[in-house]
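Asker: Based on the hints, put chains B, C and D in the right spot on chain A.
Single-letter residue listing:
4 protein chains.
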Amino acid sequence: MRVGVLTGGGDCPGLNAVIRAIVRKGVQEYDYDFIGFRDGWRGPLEGVTVPLSIPAVRGILPRGGTIIGSSRTNPLKAEHGVRRIRDNLDRYEVGALVTIGGEDTLGVAATLSDEYGIHCVGVPKTIDNDLSATDYTFGFDTAVGIATEAIDRLHTTAESHMRVLVVEVMGRHAGWIALHSGLAGGANVILIPEQRFDVDQVCAWVTSRFRASHAPIVVVAEGAMPAHGEMVLKDGSQDSYGHVRLSGVGEWLAKEIERRTGKEARTTVLGHVQRGGTPSAFDRWLATRFGLHAIDAVHDGDFGKMVALNGTDIVRVPIAEATARLKTVDPALYAEVGVFFG
Amino acid sequence: MRVGVLTGGGDCPGLNAVIRAIVRKGVQEYDYDFIGFRDGWRGPLEGVTVPLSIPAVRGILPRGGTIIGSSRTNPLKAEHGVRRIRDNLDRYEVGALVTIGGEDTLGVAATLSDEYGIHCVGVPKTIDNDLSATDYTFGFDTAVGIATEAIDRLHTTAESHMRVLVVEVMGRHAGWIALHSGLAGGANVILIPEQRFDVDQVCAWVTSRFRASHAPIVVVAEGAMPAHGEMVLKDGSQDSYGHVRLSGVGEWLAKEIERRTGKEARTTVLGHVQRGGTPSAFDRWLATRFGLHAIDAVHDGDFGKMVALNGTDIVRVPIAEATARLKTVDPALYAEVGVFFG
Amino acid sequence: MRVGVLTGGGDCPGLNAVIRAIVRKGVQEYDYDFIGFRDGWRGPLEGVTVPLSIPAVRGILPRGGTIIGSSRTNPLKAEHGVRRIRDNLDRYEVGALVTIGGEDTLGVAATLSDEYGIHCVGVPKTIDNDLSATDYTFGFDTAVGIATEAIDRLHTTAESHMRVLVVEVMGRHAGWIALHSGLAGGANVILIPEQRFDVDQVCAWVTSRFRASHAPIVVVAEGAMPAHGEMVLKDGSQDSYGHVRLSGVGEWLAKEIERRTGKEARTTVLGHVQRGGTPSAFDRWLATRFGLHAIDAVHDGDFGKMVALNGTDIVRVPIAEATARLKTVDPALYAEVGVFFG
Amino acid sequence: MRVGVLTGGGDCPGLNAVIRAIVRKGVQEYDYDFIGFRDGWRGPLEGVTVPLSIPAVRGILPRGGTIIGSSRTNPLKAEHGVRRIRDNLDRYEVGALVTIGGEDTLGVAATLSDEYGIHCVGVPKTIDNDLSATDYTFGFDTAVGIATEAIDRLHTTAESHMRVLVVEVMGRHAGWIALHSGLAGGANVILIPEQRFDVDQVCAWVTSRFRASHAPIVVVAEGAMPAHGEMVLKDGSQDSYGHVRLSGVGEWLAKEIERRTGKEARTTVLGHVQRGGTPSAFDRWLATRFGLHAIDAVHDGDFGKMVALNGTDIVRVPIAEATARLKTVDPALYAEVGVFFG
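Protein chains in written order, with UniProt numbering: chain A, 1 to 342; chain B, 1 to 342; chain C, 1 to 342; chain D, 1 to 342.
Just chain A, with the same shape it has in the complex (with noise of 0.2 Å):
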């Protein structure tokens, strides 16, 4: 059997050692072979293909990125995509289709695999680590350890200045990057999407960590907001998603707090680097069950289903239930880690 492969929506590192992980395993113990598909759907939906083969997988498991392109193409949205997607695995005789991606790209997996019969199996992929029915998702671990080098550098800066240093993370709908590099950054105060922020507690924690002679380090996802719509946006910039952004939160709030503080505020804004270059090795190692358990499926004939982390077993879940609502940060958890702030 021949087995099509894409990767869909932004890059995450990890998405090469899915492929390697696929491919290595669907060769050499059930004798398939590869064809991969560029940019996404794009790839089925115009028939634009790349080989894959276990030569042509060596070496990528360490480097960030993906090897066969990525897009946001939407092939629902496209005239006739369906059966132009339906086609072109006919033409190139791929009888099911490991489907790399997010909400979207696994979206557009459930909908061809429940209602229209295509062999689709997913992995999922976020680096917001936004998805649920997994515990992780491979990337996030890697965003989160540069952010928190970021942080660990900003404190010696802050400390000599005696400043704030306002650091936005990625985190548009969900604040995992935010709470976890923040936390293991030793940051002061965390702001994640879930939760408005009041500006005025935020300036309380900032000045009590003043008067404790040290300078704080203020975390915010770039998908945070204040409570009371004081926000002017302002237009132009793009996020770390590659959209472009309404509002720059890191900017504005150090702007609000030297404003109401008195004390000199930064902002650095991560952007792209947090998700580009080498996967960390926990995110290579789940990067690697996931291929390994993805092609498992396809050999089950397990269709329409993604594989999962449950603790430390990979499990397969219905895309459809996995993708029907965002994994957000519990305020429980968030109240857990309030007792560093200030």
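Honestly, the hints are just simulated from the structure, not real lab data. You can take every hint at face value.
SDA-like, lysine to any residue: derived pairs with alpha carbons at most 20 Å apart:
#1 D:Lys263 - B:Thr73
#2 C:Lys327 - D:Gly311
#3 C:Lys263 - C:Asp200
#4 A:Lys327 - B:Thr312
#5 A:Lys263 - A:His214
#6 A:Lys263 - C:Thr73
#7 A:Lys263 - C:Ser71
#8 B:Lys263 - B:Cys203
Answerer: Coordinates of chains B, C and D only, in the frame set by chain A:
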């Protein structure tokens, strides 16, 4: 109430993060005060203490090691050990003891708690990740990261000289570090203590890798053993745990590979660098949450329990149960990664 | 004799290494004692001090920032500035002052030394590496390392999405960080303040890179400017030096590239992470040797001098000379690396 | 013209950066074409080649090792070695040869160039930094960085257990890696091959460090020797250069320290990890500039010369001179860092 804290056994990145979390939450939420006992069980046994307060734990989150020292002292083997501990706890008015350690340290805590009614709460610590009842222990992710980075580096040397590189990593009884770092580092052979290895099979994998025009990396856990009792023991050197090592499996294996395949082979023994230095973001997160939940257990009067990771939740389990058996690598998991051998 | 030490200007990895070396050698070899003046020239101006001794400098070698604080205070602009400094030096019985800083801080030291006979020795500090009379300054290697690692990471994101990635690095008047990190990171375009750039030429290089089926990375120094005065200024945000920035050349350039080439372009502004955190081994070596030689200069009574790196030797040069002109990138050197553009 | 390139001796981070620079500039500026000779002098001796072109060198800048392989083959010891080389150069129509290597590899180039008129240009490569006529060689900064990071990590283990940690680093004849990493890592004793050490003095420093309530780190170069011929040789293991090691000075020293001071001591032998993996930014810069200047030398017909770093300039020196004597650590420089011992 005054709470005592001690850290026992080999040091491990994240110990300081646990201590900091215990003290921060204990002081701020429960109004406890704290005392550190120096060098594991030696502290309460001999009454050696160190002050612990919020200022004392500032800045220690990213630092490896333990600010209160560690040792392998077993008070149950000391004359009147239990009585001396009880006397010292009384003398310092300590109402509860948080014991951070591995099998040995926690085994003592279980006995003191279950048999003598001394108020102990446990926090699991083993760089080898071999404590059952918890998905992961802190320090393990850091060790795996360091080993993976070393393997990444050794690949280029192996390739440039077309040599076999044998990397000996920690793991006396359990192969978790070898398994995770070997997989993450793209090793061509991974050998663990749980399964005796066949040198001929290792040589077959090595030869197969050379046939693909690449140089092989062999990752071997310190405690791995050949199948046929053929390993000649060497004495004198010390292993990564600080014990005299009975055998240097890495060096022995490299020589066997050279002898049998005719290819040059070199050994690198990673040793103590795996256990020192700043903890990874994952380990800081896990260690901090362990600390927060351990002090909650103290507050709940839930003694004789150990905090543990279960998926993404921190739960409590009886210490005695958790230390009853070693968590080793499941044969099915080892088989799963075997697809990358050769 | 008592020796005063101060650190002025923006913080820089290696400042603590200098302080430690001065104190270690001063105490052990010359039997001096020490006093730290807080926050650059504010310390001697206002008489704000901090104790400095061997125990105080233990463990600070790997730590970024400065334990005695920094500021941009210029005492020559303060009322009776020189007299107040002299009074405070007398009051604290300080016989010599080691001043660690950049053009501004050292300029004051030169004036105080040459015109007022105050015993100053200088240690050069500029993360931008733009002080003449020394081959390198500490902090620069660390900044280049951080920027290079970021560029390494951004390559994979650029490739996965076939986008242009513009990376804005430090360098207001001199392009050393851009030049070194751009070359080390394999950038396809490097733009420096010393030479106004032609956006059409930049777009030609970008297009040429895409033709080779690869995605371009453009490294631009904060202070680089287009040739034709076409850059629209934006106000409000702050640069990596903590000043209000008049223009965000990175964001502006990405938009121009998008507009002219039709390719997607994203910007990453590295900002303050370039100047914080643990110094590289090279910077620790250089900073330590600067410190050792600075205290030798004090001992020799060689005031008005600055230590400098010349090849592998530490030499002394008149501070006044060393700060007289900026060390910028030579056109020949810039031309040399141009072979990698496009 | 066609230019040949070879890399000889032990691998070293930066070799690929040199090759890439040579090819990029050679093709683009001078219209040369290229051929790689495999495995050092074995390539031209046996006529084993590999294609070298701009596409072949894409992406290799950050990769350790050498894409054209290396060996320690000495063609002057082979039968008709010179004639066979000349024949192969003729056969492949190679007009000039860039030889990248250390003392041995370049020594051959000097002989071939000076005595046989074969057109060779040299690029110095020694991870030990022990080639005279150049301030630094690439690879050295990477090795020092890896060793420093290891020492940073070992400090926390030493402190937690109040043990001596002996770290054995590369350096058979010259102590540059020990000196730089020991200083940067804050070691308490540094031992180099240039000066025989007195074990009693080492123990005195160790004891003095413990008296200050800290645990000592002893950095020892592989080639360091005790003063009194008292070291018992051990055979069998291999050193970081791939040679059978006659002595493991690190393990021997740890045992002596334990015996004489009664303190626990452990050894870590860093080994091959020091020479593999991605080069530091500094090494990429230096290696690239060496490559650019080497191909300029070819273009100028300036054969028998080697490129070298002099301050921040790349200069040319006669190969024969440059390889005539080893660059060892100056006693004055070693004395300078002695202030940190104990």
